[in-house]
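Undergrad: Line by line, the protein sequences give chains A and B. Residues in the first sequence are numbered consecutively from 481, following this note's numbering. Residues in the second sequence are numbered consecutively from 113, following this note's numbering.
What the hints contain is simulated information worked out from the structure, not anything from laboratory work. Beta carbons: idealized from backbone N, C-alpha and C, even for Gly. Be a bit skeptical, because a hint or two may be false.
[Unchecked claim] Covered, in the sense of this in silico footprint (three residues per stretch, anywhere, with C-beta under 8 Å from a C-beta of chain A), are these stretches of chain B:
id	stretch
1	119-125
2	188-199
3	239-250
[Stated by the list, open to error] Computed Cβ-Cβ distance ranges for the label pairs, DEER-style:
id	chain 1	residue 1	chain 2	residue 2	range
4	B	Gly223	A	Lys896	43 to 51 Å
5	A	Leu680	B	Thr285	53 to 61 Å
6	B	Tyr262	A	Val866	25 to 33 Å
7	A	Ser488	B	Asp307	45 to 53 Å
8	A	Ala721	B	Asn238	14 to 22 Å
9	A	Glu813	B	Gly164	27 to 35 Å
This is what each chain is made of:
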Amino acid sequence: MTKRGRASAWLWTLLALLAIVAVGVAACGDDDDDDDGGDDATKGFSEAGYKLAGFKEVTIDSGAAVKIGISSALSGDVKGLGEPIAIAAELAGDGVTIKGHKIEFVREDDLCSPDGGTAAADRLAKAGVVAVVGPICSGATVASQPQYEKAGLTTISPSATAPGNTNPPRSEGPYVTFFRTTFSDAIQGPTQAKFAKEKLNAKTAYIVFDTDAYGTGLRDAFKKAFEDGGGKIVGKPEGFAKKTTDFKSIIANIKKEKPDVVYFSGFYAEATPFLQQLRAEAELKNTPFLTGDGPKNDELLKGAGAAAEGAYFSLPTPSQKGAAFDAFSKKYEAKTKKPAESGTYVAESFDAATVIVKALEKVATDDGGKLKIDLKKLNEAIRDTVLDGASGKIDFANNGDNLGGAETPVSLWQVKDGKFVEIK
Amino acid sequence: MSFWLDQLVNGLTTGSIYALIALGYTMVYGVLQLINFAHGEVFMLGSFAGFGVIVAAGGADVSGPMVALVILLALVAAGAASAASATAIERLAYRPLRNAPRLAPLISAIGVSVFLSHLVDDGFLNGEGRYYPQVFPADTIEIGALTISYLQVFLMASSVAMMLGLSYFIRSTRTGKSIRAVSENRENASLMGIDVNRAIVATFIIGAIMAGFAGVLYGLFYSTIRGSMGFLPGIKAFTAAVLGGIGSIPGAVVGGYCLGLTETVGRELLNEIPGVNLPNEWRDVIAFGLLVVILIFRPTGIFGERVSKRA
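Whole structure, please, built from the sequences with the hints as guidance.
TA: Now the structure itself:
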């Protein structure tokens, strides 16, 4: 009797605890509903934004180099994106001097994660950089934006596409220290939806997403545009954490719903096993697979092999490439022995670093061999820059978004015979 | 209907992998009363050895009858690598602590586990995963409403075959009998002339071979492998062993299948309740919640009576 009594007392305690945990989880589970704005690219910040930023004046000793930070994924599952991006940024400093001072790039690994992003921001601020290329992922961006603002360090991300990056959920408005040379998923999502509807004739879509800032932001943008266009999202959008390998249970749900298109927002490390497991199902062998920039990477082609064949990708990069791209491409190929087209966001990264270098040339002043850089002036010079860059026109809106030049700055790609081929 | 059959097959596939790993946990526990936390890393090392063989043989380009040969070679290499690493772990990390207080080998086991997974992840792979080449033919068999891939059939059939082989080995061979004797009573077995160290090493090797095979099957099925891949399956296989009654071989198998099925089918069943909409990540919550509940009512697991009596 006593033994039974104790066991059931334990059981009730346990159930009570579980209930508390469940309520707690439910309360913080829906944290991604406030990121859908950002459609008005010119929605500005006020002068108040400048007051929040801790701009300082930096002095660089004579003979010392000017340091520019790079916050990128240099190890782990997003390294396939991050490494080429870092290399491309460094190319912008080759042979350039600012009033006799060389340019030195300081690389920090942000692992594409929120924790990694804040740690990299700390280390870069300590290293004495004057501006930063990156962070390359939206998760790391959202987490580190307050730190960069506080340190007065201007960051230009070549690849953080989440709409919330330039439209943070705070009353003070966008971060004056954040810019991006790529485009918001508020543009990428609708382009994908339009493509799914018009080119793939999809009336129904099944959504699978990474639960980070990028995955959820792009998911929301696609979902809204697809539904507004009369499409229907079938089943329940299924989220997954990074490093997930078992997608079988999700895929059984996809099989049940028989969607016209399977939509995936996430990165290549998870897209690879997902595609393989998806294509192992006879019924889903020919269902179109549509995804964004995160999986568009050579690593995916290598890992997924035949399963990647026919998959569709969008990339917030305009497809017209001019003389600036060719010049960059030559440098990039000489350095990496790979064509620049094979690297995702490498042109954007080169442009981000170029914008910083050009702004430095404008605002740095010589003080008897020493170099003085006012970080506020640097920020303003970056904001005012208009560049015909390798990735297209760079022209920043007040919130940090790139206004660009092309009408639709998103290109679409498909894997054909093991290669990415642009769909015109 | 076919949806539930799909999920059932998925649960059984995951379950077979858990069961194969769980055997190693339960056998070592039966013999040494040691929870070998490094067993998940033995599984990982086996998976990488098999990966090496498949890549060396030409990766996804392998076709025709060569596929069978390459997979066989991969299984052999995985079994050998796992057995070698388990022997080394036993010799270096556990045997010196055989007569130390119970906590010392446990901490040593956790240490080896963390060391190996980080060595591979950070030391060699820079945090990146590797992808198993898809050599297995992607064809499926249809039986009524059920579609099942050759790979799933192979996975389930080979794990059942390995478990049957193991149970024959433990029941009828000389080494198997010596393992059972040592698990009943180490001193008495030694007095009867059984080489205790040999029996213990044999236990580690057999468990490791099962884990190595599971590593290859895991890679073929889920494709991504990495240094930390052994952690979660390891914990889950340990859970399966406890669920089945640690120390019991049939318990480990039944526990593995139970856990695999609860994970996949549990969430779907709960989602059938109107208004309930649990995301995929809830799988583990449901599976481990069930574990706690079962243990409250049956603290010794499903095959509980045999705890630490028989391997």
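Undergrad: I'd like to know which numbered hints this structure contradicts. Please list them from smallest to largest.
TA: Hint check: 2 and 6 fail, others pass.
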